[in-house]
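Engineer: Read off the chains here:
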Amino acid sequence: MRRGWQVACVCLLGIFLGALVTSLGYSLTDALGPGPGFFPFWLSAIGIGLTGAMLVQLARGRILADAAVEVLPSRQAALKAGAVLVALSVAAALLEPLGFRLTMLPFIAGLLLALGARSLLAIALTAVAGSFGVFHVFYYWLKVPLPIGALGI
Amino acid sequence: MDTLQHLMTGLAAALSWQNLVFALIGCVLGTLIGVLPGLGPAAGTAILIPLTFRLDPTGGLIMLSAIYYGAMYGGTITSVLINVPGEAASVVTCFDGHQMAKQGRGGTALGIAAIGSFVGGITATIALVVVAPPLARVALSFGPPEIFALMLVGLGLVTGLAGRSLLAGLAMAVLGLLIAMVGIDPVRGAPRFTFGIPSLYDGVGFIPVVMGLFGVAEILLVVGAPTRQVIATKLTSLLPSREEWRRSGGAIGRGTGIGFFLGLIPGVGAIIPTFVAYVLEKRISKTPEQFGQGAIEGVAAPESANNAYANAAMIPLLTLGIPSSPTIAVLMGAFIINGLTPGPFLFQERPDLVWAVIASFFLGNILLLVLNLPLVGLWARILHLPYQYVCVGTLLFCILGAYSLQQNVFDVGVMIVCGIIGYGMRRIDLPIAPLVLGLILGPFIEKALRTSLEMSGGDFSIFFTRPLCLGLLIVGALILLGSALRLAPAEVRKASAD
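Protein chains in written order, with our numbering: chain D, 1 to 153; chain E, 1 to 498.
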């Protein structure tokens, strides 16, 4: 876990440094008082100080980061988590071109199969209910605008 | 008298058939969220926000509040039947609740939990009615410097009590505040950190971030977890015996008191009141050896504390505009989506809405009791639902919620990125709560700070020359100092070893 914390600290340091440099591009003060860059600048500076202190504490072993705890998931868990992320990313990319219904139908069916569901009837029913059914409830009943794709579905 | 009149008006609004239906739906959905392992109240409340988009704000907030306290109760069912808390606050209920289920007394455990939750919730709501109006009146006298100091205290409390490192908690809070800076500067109207991306001009949406950090991250963790065994227990006898009533009465009363008072303090979190209530019962019990073996007080006290906490935690939100926990922050986000800013001004600007929501807490607690006693068997059956379907359903609602708020697919992308970040944070045990609270309080803190400095012409002494502001800042400093001492390395190592 210690390595995980070190990686997290470095990432945070990068974010805070980037924010500090970017905030210098905005005015820190203006005629009325503090400018748009004032708060982000000081937040970034504080963030750099905090993450720097965390790195020092980690190096000295003063932050309890249990080395015995495994940070990386098992191969099986990683594959399933990867499948979820790929499915989400593909769904996000297709949501507007294909529309909610045509995107969610294969998203649900594919993800259920990838996660180990085996009953094809249950998968098909869930996919139809989760895509066409949910669309009907939210779009027509609850008046929540959901995307309709190029095919008009 | 004025309070009573407002409450009656609120009760009349809450009793309208539409709002009753919203409260009922909220209670059912909330309990369902609590029952489904892996889906906590914060994620559950966030993913169900789209249901309320087209409702009037009162109905929407009544439904979301009902989802919140329904979820707080629902976690008990999994604690008792599968020894897995549906949400963090139900951890303690596992100790004796699951033992009772193993002994064939699962029905009684769930029954006393429902009754304790009802008593805790109703008592805390009565106290809310008494405490909230005077507290809101006091808060109305606060100027920008006091508001700034108060929000720092709230953020400090949440940060100080979160996780294994104070530095990490503070860094996460700063990161949340920094993310809140993305978009148009609220004071001058200048774009910040937008990098020419039009979707960032409105800022990073709170809902996609919360759905990612809690909902998607939770699913990424759950898909790799082993399946759980549901205990087959008799659920026919839900009501305790006379002896069990006698033993539970005091425990419910004490649990309610502990839950209420700790609920007033932002950052305490739902888990601490339940632990305190459990430990107190064990200390004063004549048969402490029965704790952990199926003692009914070990279920009654923490469950009462849990629901009393859930209702009391609304007081800092409604009176001061400070969310005590990530779930309350999600509720605050729902208020903001509806164009309302929780805090003392809300009592003046929308008393109809505030009092209808408060009155709905009474009705919601009654609905929960009426629903949960007869429906315990149904909830138990839902536990057999394969996790694949739960995961896919959750992700479906996450996509729907993230997209539909602004009809922007960019928000779905934000949700996915935040899901990966949240997954990483959970894997290495970095605290998420300070980040979420920083994100929601960021615009308010910045506005209060900059307005204060404009008032003083850029002179920071304005924060130290106003007695109330100075007092609040000293309290904030003491909280952080206390947290630093609490998390001193030697103590941390000892706590870990224990």
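Treat each hint with caution, since some may be false.
[Claimed, not checked] Label pairs and their in silico Cβ distance ranges: (1) E:F275 - D:G52: 21 to 27 Å; (2) E:W17 - D:Y140: 19 to 25 Å; (3) D:Y140 - E:I184: 54 to 60 Å; (4) D:V86 - E:Q5: 55 to 61 Å; (5) D:Y140 - E:I366: 41 to 47 Å; (6) E:M455 - D:Q6: 39 to 45 Å; (7) D:Q6 - E:P374: 21 to 27 Å; (8) D:Y140 - E:A484: 28 to 34 Å; (9) D:Q76 - E:S141: 23 to 29 Å; (10) E:L481 - D:T29: 28 to 34 Å; (11) D:V86 - E:F195: 45 to 51 Å.
[Unchecked claim] Some residues of chain E that are not near chain D, with every Cβ distance over 10 Å (derived): (12) L15; (13) R54; (14) S165; (15) V187; (16) I197; (17) L220; (18) G249; (19) L383; (20) Q407; (21) I420; (22) I428; (23) L453.
[Stated by the list, open to error] Which residues of chain D face chain E? A few of them, derived with a C-beta cut under 8 Å, are: (24) G4; (25) W5; (26) A8; (27) I46; (28) T51; (29) A59; (30) V90; (31) E96; (32) G99; (33) L105; (34) P106; (35) I108; (36) L115; (37) F132; (38) P145; (39) G149.
Quick caveat, the hints were computed from the structure, so don't treat them as lab data. Since the structure is predicted, the reported quantities are computational estimates derived from the model, not experimental observations. The beta carbon of each residue, even a glycine, is placed where N, CA and C say it ideally should be.
Engineer: Now look at each hint and say whether the structure bears it out.
Structural biologist: Cross-check of the supplied hints:
1. E:F275 - D:G52: 21 to 27 Å: Violated, at about 34 Å.
2. E:W17 - D:Y140: 19 to 25 Å: 22 Å, holds
3. D:Y140 - E:I184: 54 to 60 Å: For I184 of chain E against Y140 of chain D, whose Cβ atoms are near 34 Å apart, the range 54 to 60 Å is violated.
4. D:V86 - E:Q5: 55 to 61 Å: 57 Å, holds
5. D:Y140 - E:I366: 41 to 47 Å: Once the Cβ atoms are compared, 32 Å apart, the range 41 to 47 Å for I366 of chain E and Y140 of chain D is violated.
6. E:M455 - D:Q6: 39 to 45 Å: At roughly 43 Å between Cβ atoms, Q6 of chain D and M455 of chain E fall inside 39 to 45 Å, so the hint holds.
7. D:Q6 - E:P374: 21 to 27 Å: 53 Å, violated
8. D:Y140 - E:A484: 28 to 34 Å: Cβ of Y140 of chain D to Cβ of A484 of chain E: about 55 Å, so the range 28 to 34 Å is violated.
9. D:Q76 - E:S141: 23 to 29 Å: 59 Å, violated
10. E:L481 - D:T29: 28 to 34 Å: Cβ of L481 of chain E to Cβ of T29 of chain D: about 31 Å, so the range 28 to 34 Å holds.
11. D:V86 - E:F195: 45 to 51 Å: 26 Å, violated
12. L15: 23 Å, holds
13. R54: Check fails; 4 Å does not lie beyond 10 Å.
14. S165: Violated, because the least Cβ-Cβ distance between S165 of chain E and chain D comes to about 5 Å, which does not exceed 10 Å.
15. V187: 7 Å, violated
16. I197: Answer for I197 of chain E: holds, closest chain D Cβ roughly 13 Å.
17. L220: About 5 Å separates L220 of chain E from the closest Cβ of chain D, which leaves it inside 10 Å; violated.
18. G249: 41 Å, holds
19. L383: 17 Å, holds
20. Q407: Violated, since 5 Å does not exceed 10 Å.
21. I420: Violated, since 7 Å does not exceed 10 Å.
22. I428: Label violated. Min Cβ-Cβ 4 Å, cutoff 10 Å.
23. L453: 5 Å, violated
24. G4: 4 Å, holds
25. W5: Nearest chain E Cβ about 6 Å off; hint holds.
26. A8: 6 Å, holds
27. I46: 6 Å, holds
28. T51: 6 Å, holds
29. A59: 13 Å, violated
30. V90: 11 Å, violated
31. E96: This hint holds: E96 of chain D lies near chain E, its Cβ roughly 5 Å from the closest one there, short of 8 Å.
32. G99: 12 Å, violated
33. L105: 11 Å, violated
34. P106: 12 Å, violated
35. I108: Holds, because the Cβ-Cβ distance from I108 of chain D to chain E comes to roughly 5 Å (cut-off 8 Å).
36. L115: For L115 of chain D, the interface hint holds, since the closest Cβ of chain E sits about 4 Å away, which is under 8 Å.
37. F132: At 12 Å from the nearest chain E Cβ, F132 of chain D fails the 8 Å test, so the hint is violated.
38. P145: Holds. Min distance 5 Å.
39. G149: 12 Å, violated
Of the numbered hints given earlier, the model fails hints 1, 3, 5, 7, 8, 9, 11, 13, 14, 15, 17, 20, 21, 22, 23, 29, 30, 32, 33, 34, 37, 39; all others are met.
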